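Put together the whole structure using the sequences plus the hints.
Chains as they are written, first to last, in the working numbering: chain A, 1 to 294; chain B, 1 to 313.
Hints in this document: simulated from the structure, not taken from any laboratory. One or more hints might be untrue.
[As the list claims (entries may be wrong)] Listed below are the simulated DSBU-like cross-link pairs for lysine-lysine, each with C-alpha atoms no more than 30 Å apart in a straight line:
#, chain 1, residue 1, chain 2, residue 2
1, A, 263, B, 126
2, B, 308, B, 182
3, B, 3, B, 182
4, A, 96, B, 307
5, A, 96, B, 182
6, B, 71, B, 126
Everything numeric in this text was worked out from a predicted model, so none of it was measured.
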Amino acid sequence: MEIFGVPIQAFLGQLLLGLVNGSFYAMLSLGLAVIFGLLNIINFSHGALYMMGAYVAFLALDLLGLGFWWSLALAPLLVGGFGMLIERLLMRWIYKLDHLYGLLLTFGLALMIEGVYRYFFGVSGQPYPVPDLLRGATNLGFMILPNYRGFVVLASLVICLGTWYVIERTRLGAYLRAGTENPLLAQAFGVNVPLMVTLTFGFGVGLAAIGGVLAAPIIQINPLMGSNIIITVFAVVVIGGMGSIIGSIVTGLGLGVIEGLTKVYYSEASSTVVFVIMAIVLLVRPAGLFGREK
Amino acid sequence: MNKTYAGFAALIALGLIAPYSGVYPIFLMKALCFALFACAFNLLLGFTGLLSFGHAAFFGTAGYALGYSVKQWGFSPEFGILFAVAFAALLGWLIGSLAIRRQGIYFAMITLALAQMIYFICLQAKFTGAEDGLQGVPRGTLFGFIDLSSDIATYYLVFALFITGFLLIYRTVHSPFGQVLKAIRENEARALSLGYDVDKYKLLAFVISAGLAGMAGATKTLVLGFETLTDVNWPQSGEVVLMTLIGGIGTIFGPVVGAFFITTMENELADKVGSWVQVILGATFVICVLAFRRGIVGELSALFSRKKSANAD
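Below you can see the structure in the form of structure tokens.
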């Protein structure tokens, strides 16, 4: 059986790969959006922190013998803690300035982090094993599903929807939304906004770190993996707009799928298709698919 | 004003005698190209308030345009540079018209993303030589009688181009057009309400900036004789931001100072610290943003005016 001249196995395989990539786009753009909402900073170092998450997994296994599941818990704590430290020590000073300084500061941080990792690990990739529990593949009848890839898509959906639930349906989320809407007023009502800011940044960074751990068994871990993905994620953010959480998830997954399918039909364009879509969205709907015109 | 003219005179005098100062001429030429690149970038960031994070696209593609037209089509250097500038300006028009549809932080992300698209196109296209780059671009003969194989002759060409670009930017900033740009930087909504077609002004500033960034990139390729993917990639876009930031955003001479500072630093450090250069550049970024936002020239002129007002008291 074929779909537009492509064997269905290859088609579904790329579709799945697209969904996997889309899961990473979704998690990273969600983190960016949550951080931007409260801090008004576009975190350029998000990619570098995602890369740090992957290295936590690698080093935990290499040095301590701790496996994938440990890393999944350890990475967001460690990298999130590192993020909170950055927030307290550096970002605190520039909230009152133009947004652009936040981008420049985090760009500098990204260069520093990437440079340090390049010094220690070079630019070649490190392999990371798929956890035992998720080895192998399941035959679904119409396709062979590698268990780990299916797990990544499911896990990121659960994490993203969990984030949506916390922000939209819990008291903590209500504080966060209040802080995003009007930090001064939220503070006047007794919400500790500076603490919220630190925790929010830590949370967004933690999402990136989990993304890094999830990516570790699929891609080769290397210091450049962060800057490779972050620019695409920026395009995803422009396409989706940062107004809605569900919007981030849908846009991330959707673009991953489109990218995957482009690989099947016209592979030369697969690295640029997201940017082309961004250009089209800017022409048709400048505020982004889910964005509000400010 | 007198201070600025004294600055011009000093700059031109320095530029004219520089090749006899014993400094490696290739280094001087490279630094001048980056200085022009940073000045072009500053026209957008410093005087229009637009942070483009994708200026490497213009710098790099113009380098390819010059390299290809000179090497494959046998263009003379002057036509090669004209062609490259036109190419960069056209690309600037395309990217600019998309990017100005959003403001602030989105503008930066859009320019970065579109520049990355240009990078991927350069990576895959045949005419760029992909990973190998364009090698062996001849310098040729300027206007048919000035042989550019000597570094001194090439240096004066580079210097003349730099001064042309620099004065053009100075003129632009101090024209009525430049005043509108500054109005947009200070308060876009108000400029709009005063009846200025803000988008048209922003786009024109973007195209001028892209064209001049292209002139810088084309000149650099002519000097060095090769062009690689480094010039179109995003770290290059970041570097020009850093040059402008450290020299002084929105100052006339700042980007020149910043470009020489960063180029010298990279030159000195490259052999000594290897891959730590990137860490040092990143740290410079962080320090500048946290504690040194006015940049070298901005701080100096602030110091100067403080002294002046102290004397007046």
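Q. Which of the numbered hints are not met once you compare them with the structure shown?
A. none
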